[in-house]
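A.B. asks: So the sequence lines, in the order shown, correspond to chains A and B. So the first sequence is residues 100 to 545, counted in this note's numbering. So the second sequence is residues 100 to 545, counted in this note's numbering.
No lab work stands behind these hints, which were simulated from the structure alone. Hints may be right or wrong, so weigh each one.
One copy or two, either will do: identical chains are not told apart, so a pair holds if it fits within one copy or between any two.
List of simulated lysine to any residue pairs, SDA-like, C-alpha gap at most 20 angstroms [stated by the list, open to error]:
hint, residue 1, residue 2
1, Lys260, Ala181
2, Lys260, Ile285
3, Lys260, Tyr320
4, Lys260, Ala287
5, Lys260, Arg280
6, Lys196, Asp217
7, Lys196, Asp345
Protein chains: 2
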Amino acid sequence: MDTRIHDISGVFRQGPADSVGAALAREHPADIAAALEELAPDLAWQTLRQAPRARQARVFGYLDHEFQTLLATITPRADLAAIVMEMHADERADLYKELSDQQRDALMPALAQAEREDIRRLAAYEEGTAGALMTSDYAALPPGLSATEALTVLRREAPDKETIYRTYVIDADRALIGSVRLQDLIAAPARARVADIMETETHAVHVDDEAAEAARRIAHYDMLALPVVDAENRLVGIITHDDALDVMEAEATEDFYLASTVTGLETGLGAATISMLYRARIVWLMLLVFGNIFSGAGIAHFEDTIAAHLPLMFFLPILIASGGNAGSQSATLMIRALATGEIRLSDWGRVLGRELVVAILLGLSMAAAISVIGVFRGGPDIALVIALSMILIVIVGSLIGMLLPFLLSRVNLDPATASTPLVTSIADATGVLIYFSIARAILSLP
Amino acid sequence: MDTRIHDISGVFRQGPADSVGAALAREHPADIAAALEELAPDLAWQTLRQAPRARQARVFGYLDHEFQTLLATITPRADLAAIVMEMHADERADLYKELSDQQRDALMPALAQAEREDIRRLAAYEEGTAGALMTSDYAALPPGLSATEALTVLRREAPDKETIYRTYVIDADRALIGSVRLQDLIAAPARARVADIMETETHAVHVDDEAAEAARRIAHYDMLALPVVDAENRLVGIITHDDALDVMEAEATEDFYLASTVTGLETGLGAATISMLYRARIVWLMLLVFGNIFSGAGIAHFEDTIAAHLPLMFFLPILIASGGNAGSQSATLMIRALATGEIRLSDWGRVLGRELVVAILLGLSMAAAISVIGVFRGGPDIALVIALSMILIVIVGSLIGMLLPFLLSRVNLDPATASTPLVTSIADATGVLIYFSIARAILSLP
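For reference, chain A alone in the conformation it holds in the complex (with noise of 0.2 angstroms):
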């Protein structure tokens, strides 16, 4: 996908006008839009310009966020207002808030006074609401019309909406109360009610349901589109299944950070600048720094067992690593399983069972390893402290990192929040005091 992005950018950046105009009415919009970006804003809008208005709004729709903002300043006004007048009802909003409030005084006057205010409302749902992600565009009937005028009407509206493949049916006072599917219609008998067609709505969400809410929604049941009401549950938008599959990716992207120790990084590795990525990465290094001073107060602690045997310092860490290991491998497969509702807060008991089980068997697995290797660098005494102090610490590392998700989940917190740092910088610790606390037995040293 990516060379094919490139050959379009290069026919914009110096092909000759016939083969930039046929790229623009050939190539999908997501691809001339990622060719785009690749140009300076100003040979972006020279070539965007000679597209037809309704292909320029399909684009913009496609430009990110940061180019889109970019482009608004050189684009003159009459030109950006007819391109947001027939953008996505969702996209101009989208865009209309990522605008200055100088770009914003300049646009809004030269929109008609429906869009204006559509624009307005949608634009007021805070993000990361199902009222944030939805478009304004869909088609709705009332229930009394015959399949055959139901269709006289969809075949008006398609070109305004963003699909007519499901069409919602309110009442006199725009109440959701069903919906019909534009296949069903088109198989009807002609003077079926779409009241008799269409199926009863239940799965609609509320504007202020959560974004992430709706994707999983719109992925359980397959769904095209999901309706969105208010609290009088009147239809207010619906969420199409490419804004729904948006969401999930970027969820996914979320989770991936929530599990490592890089904080509210919003935008990804190429977009943020040097200032975001201090800011998204300082609190947890430092946090680790406090949490680790605790492994070197167990170790300051054993100090005359360390230098009464300074052969015990070829193994820390190997040993400490081990248990933080262990404990990170439960965390991940806890933290996933809870996210994708595979287990229950209620499952804790025999989870915590099985998870015992594999913890003794990894532990005696991996003493048996590193006790060959303390034979020969330690003699039997010193491996069979090594032996028994590796099965003890990855046990104790494998139920904490099970535990915690559990118990953060518990209070209501993400269980990705930063489980995993948390986890090894634990099991860090306790690995030092486990490891020298069975040294001085053994060895009896004082």
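Chain A is fixed; fit chain B onto it per the hints.
C.D. replies: The following block gives chain B in isolation, referenced to the frame of chain A:
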């Protein structure tokens, strides 16, 4: 959503016969399937058999594979065959793949020949390819039909097709030449030819292409369905938007595990056996033990320095962990950026420069914090040693974390393949060397 499903299960378990019937008629097949999965297979079948055949097939398609095969064993052969005949082509091919040879031999003779051949053909594609994901229930038209004729064909075929919203246009050799939206067919003048209304189709995938690539294409182009062609450009199937969503979700789980030290676990934690969990974890744990031997060897090499300055040990876990933590942050950011295509291999120069600046800032901040503790615990000399070590360790750790995913990508490995634990392990060993080398130099030891 969970409580809703629990409620439906409760009705199935205890409810009077007419509320069971009402739930089977009213609830979404996805919810009925989830509710059945909470019952014993016997009761699940006794419940499901009360639904009309077409609904049984819809629900069956939503059951997870394990439960499907359980039900397939207890469902009477004639019932199972009737259900399979009604299932979507891709879902029944998936079911067929899960059945034992014995179950297949019992089922196949009870099906019509067309279905038998269709199942065998679809089941033959390798797991993870577009072919294995596609369905053969697509609607296709010849280019010469008029809009009215096309609508008549679609009206007749609608009940058997997964979607008629996008119909594919094929020539006499079944080669894909374009596609037409139902919306455009309805809006077109009655005598317009399909060939005049259709869009030329340029986004089709090949049967052997990766399923993940097909899903990405559906997401990128906001498609309802993506056509799949064979080597001769003949249309052989379509992949629908809901299947793309499932693939994206599975990919997100895979990415999540890949970036951790859990390998090759194909089910979630809930369904995994003890032996599966052991195997998924032991490999990395063992590898990392041997990775950490380098850290141990580093410490052993500096035994004299340590013996002479035991307070150095207090700071060892903090310094080692900081390098590993900084490195795993960089790796996390880089892996995600490479996975989402936000950063390309050719960008490495620019990214490296910015990473260096961020790493220097992080290193300076960390050094400032830790040297305060250093002065109190070890005096100014030790404080200088740990401040310098911290700066260098954070910079080196970050660079390792950034470059390793790049290098893995370069040699065509998935950058997520264990970069994070590998980075931590390499950064740890490097940290030991940096710390004690600086200590030896500054504290002027032999």
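A.B. asks: Of the numbered hints stated earlier in the document, which are not met by this structure?
C.D. replies: Result: no hint breaks.
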